[in-house]
Each structure stands twice: as C-alpha cells, then as structure tokens.
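Asks: Using the sequences and the accompanying hints, generate a full structural model.
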Amino acid sequence: MTTNTVTEQVHERDGARPDVLVVEGLVHRFGDLTAVDGVSFRIASGETYGLLGPNGAGKTTTISMVAGLLPAHAGVVTVAGEPMGPSKVDPKRHIGLVPQDLAIYPELSARENLTFFGRLQGLRGKDLAGRIDEVLDLIGLADRAKDATKEFSGGMKRRLNIGIGLLHRPTLLILDEPTVGVDPQSRNAILESVEALSGEGMAVLYTTHYMEEAERLCDRIAIVDSGRIQAEGTRDELIRLTGGVDHIRVVGSGDTDAAAEALRALPAVEQVDADRHSLVLTVHDAPTAVAQIVTGATGAGMSLSDVEITRPNLESVFLHLTGKALRD
Numbered sequence: 023m024t025t026n027t028v029t030e031q032v033h034e035r036d037g038a039r040p041d042v043l044v045v046e047g048l049v050h051r052f053g054d055l056t057a058v059d060g061v062s063f064r065i066a067s068g069e070t071y072g073l074l075g076p077n078g079a080g081k082t083t084t085i086s087m088v089a090g091l092l093p094a095h096a097g098v099v100t101v102a103g104e105p106m107g108p109s110k111v112d113p114k115r116h117i118g119l120v121p122q123d124l125a126i127y128p129e130l131s132a133r134e135n136l137t138f139f140g141r142l143q144g145l146r147g148k149d150l151a152g153r154i155d156e157v158l159d160l161i162g163l164a165d166r167a168k169d170a171t172k173e174f175s176g177g178m179k180r181r182l183n184i185g186i187g188l189l190h191r192p193t194l195l196i197l198d199e200p201t202v203g204v205d206p207q208s209r210n211a212i213l214e215s216v217e218a219l220s221g222e223g224m225a226v227l228y229t230t231h232y233m234e235e236a237e238r239l240c241d242r243i244a245i246v247d248s249g250r251i252q253a254e255g256t257r258d259e260l261i262r263l264t265g266g267v268d269h270i271r272v273v274g275s276g277d278t279d280a281a282a283e284a285l286r287a288l289p290a291v292e293q294v295d296a297d298r299h300s301l302v303l304t305v306h307d308a309p310t311a312v313a314q315i316v317t318g319a320t321g322a323g324m325s326l327s328d329v330e331i332t333r334p335n336l337e338s339v340f341l342h343l344t345g346k347a348l349r350d
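In this note's numbering, the protein residues as written are 23 to 350.
The hints are simulated quantities; they were obtained by calculation from the structure and are not laboratory data.
All clues stand as given, with none of them false.
Listed below are the simulated EDC-like cross-link pairs for lysine to aspartate or glutamate, each with C-alpha atoms no more than 20 Å apart in a straight line:
(1) 172 / 129
(2) 179 / 169
(3) 179 / 205
(4) 168 / 156
(5) 148 / 134
(6) 168 / 155
(7) 148 / 159
(8) 179 / 129
(9) 168 / 134
(10) 179 / 134
(11) 114 / 46
(12) 179 / 156
(13) 179 / 155
(14) 172 / 205
(15) 179 / 217
(16) 168 / 129
(17) 179 / 159
(18) 346 / 234
(19) 114 / 104
(20) 110 / 46
(21) 179 / 214
(22) 179 / 165
(23) 179 / 123
(24) 172 / 134
(25) 172 / 123
(26) 114 / 41
Predicted, not measured: the structure shown is a model, and the values here were computed from it.
Replies: Pasting the structure below:
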C-alpha cells in the first residue's frame, strides 16, 4: 500500500464529503535540514486526521505551514478551497489553531479569556455570549468559568486553550499535541471533546506521538518520520502492512509437543513455536481463534496456567516501517 494509493482510495470513498484541507508536496527547510519533505494529504469535513510520529518528525512544522505561520519552500496548501500562505487572510478565518504552548491570560477568568479571544475573532454581543456558554460546556469548564486561570491545573488550561480555538466555529481545527503533560482525567476529557467535534462536521487535524490517541480518535492516520509520510490509511489498513497477524501464547505443563502438533492442524493457526512450558501461535483474528486453541491444547494433554493475546498496533506499524520504536 503506497501513500498515494491510499489517499486516492479515501478521497474516492469520501467523495460525498468535500475536502476542507488539501496539502500537496509540502517542503520546508531550516538551513541544511529538510524538516518537511514532500508531505501530501487531504482531510474531508467531519473527518479526524492524525499525524503520528515522534518528537522531531516534522509534525509541528507541517501544521505551521497548513496554518499559514510558515512559508512552504515547495508545495501547496488549500483550506476550504482557498490557497494558504503567511500573507493570506481569508483562508485563516476557516482555521482554529490550538498550539502546544498555552495561549491564555492567567489573570483573567476562563470566561474573560474566551470573551477577549472571541472579540479578536469578530464575535460580538449575544452571539459571543451564547458561543462562550457552548464552548465552556464542551470543554467541561462551565463550573469554573469565573475563576482566574492561574488557579487552573495544567489539564484545565489545555482544555481552555482548545475552547479558544473553537469559538469562531472553524471549518478546520488544528490540534498540536494537546494532551502533553496533562493528568489522565483531563486527558480523557480532552479526547472526549475532540471525539464530539467530527460528529458536528468539523475537520480535525490532530498531531500526537501517543499511539493510543491516534487509534482512538482518528479516521485516518499518517505515520510521520524524518519529515516524510511513511504510510497513510485507516488503523486497519496500516496494521495490514505488518501482515496483520496476532499471537497467542499458552503457558502450562504436560505434553507440549503433542499440543503443538494438535494446534498446527487447526485452520486458524499459521505457525506454532514451542518450548518446554509454552507455545506461541501465529494466527489471524486471535479473539475468534482462542477458544478453539485452548480446547485443542487441553485435549492434547496440556494443563494451561495462562493464555496471552498480542495483537499488532500502530507501534508495530511504526517499528515495521522505520526500524525503530515510536518514542525513540
């Protein structure tokens, strides 16, 4: 599966939904370092698209060009049908940008921060007041609306940061590592908020180095490393790059050799590796196969003490594509 092939397939599959963002051949250099090297992707309305890769992979530089904060040395960005660039104003109105660094005033309350930034975005009067109430509910801060944000936890500040980006009802919301350094409760609240956005028709561009976030939130994911998209697709499409096989390890005592022979005869089992006290089986769809495997092993004279299932994930995909772990 090539990146271009998957992109064309998704674009055709989502043809009924217009592309909010089109990125073609983006390149950006810092001196002799090519930080972004030919990146291309599309995001349709109502779709959450993830850029997954380690720190330094080029994710933030990419979204800085998408948002018109950095010039592209090559390539084109189009937002809602309008070409983007540092000097462009109109396409930026379609974007809500939530950067890694907090952009809030600590002496102001949550409501005062939202009021200030809402006015900068052109909102006024009842429309602004009503939208602030909606956003406070969405980010779970309605009960702390009057409190100075200097009293907030790190997670609450990040949720407010997201709320600021949502105020003007953007067509495209860009979230750059929004859960870095937050507590588990706030992290879950952030993820729940993001999940609700695509359901409202908003296109979301989400960068992260947390595999589980990409798997939970994103309709499609681009694996990014060294400034390039190494592969792109749905989670299942990416998993298939590794062969898509699962592993089941059964541990116990008794006649492991006989159990191994019995399990090799099962249609679901591709391979069995045996040692004195355990068997490791390569299978497709482990949850479906596990009951049959347990029955086969015990029927062949093996007494089981443990059964473990290992399924491939995006960490496996990244390792397969780059030869290194996601957080290296």
